[in-house]
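Here the protein sequences come in this chain order: A and P. Start counting the first sequence at 1; every next residue gets the next number (full-length UniProt numbering). Start counting the second sequence at 1; every next residue gets the next number (full-length UniProt numbering).
One should not assume that every hint holds.
To be verified - Computed Cβ-Cβ distance ranges for the label pairs, DEER-style:
1) Gln-214(P) <-> Thr-163(A): 11 to 21 Å
2) Lys-195(A) <-> Arg-51(P): 41 to 51 Å
3) Arg-29(P) <-> Arg-95(A): 56 to 66 Å
4) Gln-43(A) <-> Gly-42(P): 18 to 28 Å
5) Gly-42(P) <-> Thr-191(A): 47 to 57 Å
These are computed hints drawn from the structure, not numbers from a lab. If you're wondering where the values come from, they're calculated on a predicted model, not measured in any experiment. Think of the CB as a built atom: it goes at the ideal place given N, C-alpha and C, for glycine as much as any other residue.
2 protein chains.
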Amino acid sequence: MSSAASNNRRPGPGRPRHIPASDTHADPRDQILAVSARLFVGQGYAGTSTRDIAEAVGIRQASLYYHFAGKPGILAELLEMTVRPALDRVGDLARIESPEAALYLLAFHDAESLATLMHNIGMLPACPDVSQTPEAREYAAARGQLREAYGSLGISCGSQAVTDTVAMLQLGELILNAVESVIGTRASGDTVTNKELHGVAVSSLRICGVPQAQIEVAAKVAVAAVGQMWLCQPDLGPR
Amino acid sequence: MSSAASNNRRPGPGRPRHIPASDTHADPRDQILAVSARLFVGQGYAGTSTRDIAEAVGIRQASLYYHFAGKPGILAELLEMTVRPALDRVGDLARIESPEAALYLLAFHDAESLATLMHNIGMLPACPDVSQTPEAREYAAARGQLREAYGSLGISCGSQAVTDTVAMLQLGELILNAVESVIGTRASGDTVTNKELHGVAVSSLRICGVPQAQIEVAAKVAVAAVGQMWLCQPDLGPR
Numbered sequence: 001m002s003s004a005a006s007n008n009r010r011p012g013p014g015r016p017r018h019i020p021a022s023d024t025h026a027d028p029r030d031q032i033l034a035v036s037a038r039l040f041v042g043q044g045y046a047g048t049s050t051r052d053i054a055e056a057v058g059i060r061q062a063s064l065y066y067h068f069a070g071k072p073g074i075l076a077e078l079l080e081m082t083v084r085p086a087l088d089r090v091g092d093l094a095r096i097e098s099p100e101a102a103l104y105l106l107a108f109h110d111a112e113s114l115a116t117l118m119h120n121i122g123m124l125p126a127c128p129d130v131s132q133t134p135e136a137r138e139y140a141a142a143r144g145q146l147r148e149a150y151g152s153l154g155i156s157c158g159s160q161a162v163t164d165t166v167a168m169l170q171l172g173e174l175i176l177n178a179v180e181s182v183i184g185t186r187a188s189g190d191t192v193t194n195k196e197l198h199g200v201a202v203s204s205l206r207i208c209g210v211p212q213a214q215i216e217v218a219a220k221v222a223v224a225a226v227g228q229m230w231l232c233q234p235d236l237g238p239r
Numbered sequence: 001m002s003s004a005a006s007n008n009r010r011p012g013p014g015r016p017r018h019i020p021a022s023d024t025h026a027d028p029r030d031q032i033l034a035v036s037a038r039l040f041v042g043q044g045y046a047g048t049s050t051r052d053i054a055e056a057v058g059i060r061q062a063s064l065y066y067h068f069a070g071k072p073g074i075l076a077e078l079l080e081m082t083v084r085p086a087l088d089r090v091g092d093l094a095r096i097e098s099p100e101a102a103l104y105l106l107a108f109h110d111a112e113s114l115a116t117l118m119h120n121i122g123m124l125p126a127c128p129d130v131s132q133t134p135e136a137r138e139y140a141a142a143r144g145q146l147r148e149a150y151g152s153l154g155i156s157c158g159s160q161a162v163t164d165t166v167a168m169l170q171l172g173e174l175i176l177n178a179v180e181s182v183i184g185t186r187a188s189g190d191t192v193t194n195k196e197l198h199g200v201a202v203s204s205l206r207i208c209g210v211p212q213a214q215i216e217v218a219a220k221v222a223v224a225a226v227g228q229m230w231l232c233q234p235d236l237g238p239r
């Protein structure tokens, strides 16, 4: 009986839980991540305590530790979210014969992922209080893998003139910075449009010196390939 | 007599001042900036007090306030240092007829400035505890001017295909991100070579779709122009 009552959606008697209305039906783990993301970006990682997080979610600190190994565990998961979607796709890209189309796809989806991550958490790794943590070192290693993937794809696309002027890792860094430019766009208050995601993907090919005609072919091959590779076809290309 | 004694370089009796050996002959204002840069980047802006700064410099807090309007005044000056050298050069560039050479020069010198700034302070603006300050809003306005200068130069260089895919401000953001890639390179512990600065400048032209042959001409025009424009000719081009 009392169990049935607690499943009832109407609030029961007693102290109300401090759950924001929009998060009421979310998984507690996801609620903790979302609230932490907001607080870390808003007031800094060092400036946020597990108590702040627990209070904002409306749970006890003990419940927070049931889901995460404290603040570092939450940070690790948030940082991972900024690189994992792209890294997971690198393997799939081997199935695409054109390195230009593969680079277009990776850059587009990586930028899209950063453009839609809650509270623009792509900003976190650059903060000193974050960048000196062991979790940030793990993140840096994962970002390094991604940079290498971009650099290696970029070298496959690049002409001799490009490889003469830019080494593989610098090329990877330049492409990754083009992708991460959406973080800055969001930070300055603008939303990132689909046309801009296309602009990022196309620019990553330009950085590799791919001529315009080939860029247009690559974008078309990418749109055709994506339907076969991933279950849900994203809205690619300019609108 | 006592004044002559205090001018003597040999340490007198009494409590020694906590000045790091390397900074002993620096201007107090510069010492405060250098120490603050190290502390802000190392332990965060919010995590550093004016007391920490004064102690690390080896002066009293009152002396610090003689030179700066507190921590915000120091932050404002450090943030300014990350954009001012490039903004100051934008005006000079009007004298260069080739927009490609002008963009090469601006990107090269901006990247060089970020690559040599003490303690990689280019990292500061991205931190939440910094980005929410009034000083960061002033910085954002200055960076916005720089982005516009890059975007406008980029549009002058870009082909129709480029302007069809990337709007002026996004182009500026992409070029600025290529320039700022040296901040990430330094953050991961690598020094930025002259060849990499050339790589950044060349990549900024590639982002605008400038063909390779024109890029090579632009780099040569830039090297020739710089000697006439600025007193000290930097070491341009690949080694």
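Verification of the supplied hints:
Checking the proposed 11 to 21 Å range against Gln-214(P) and Thr-163(A) shows it holds: the Cβ atoms sit about 19 Å from each other. A beta carbon spacing of about 50 Å between Lys-195(A) and Arg-51(P) agrees with the range 41 to 51 Å that was offered as a hint. Under the hint 56 to 66 Å, the C-beta atoms of Arg-29(P) and Arg-95(A), about 59 Å apart, fit the expected range. Checked against the hint of 18 to 28 Å, the C-beta distance between Gln-43(A) and Gly-42(P) comes to roughly 20 Å, which is consistent with it.
Hint check: Gly-42(P) to Thr-191(A), Cβ distance near 34 Å, so the stated range 47 to 57 Å is violated.
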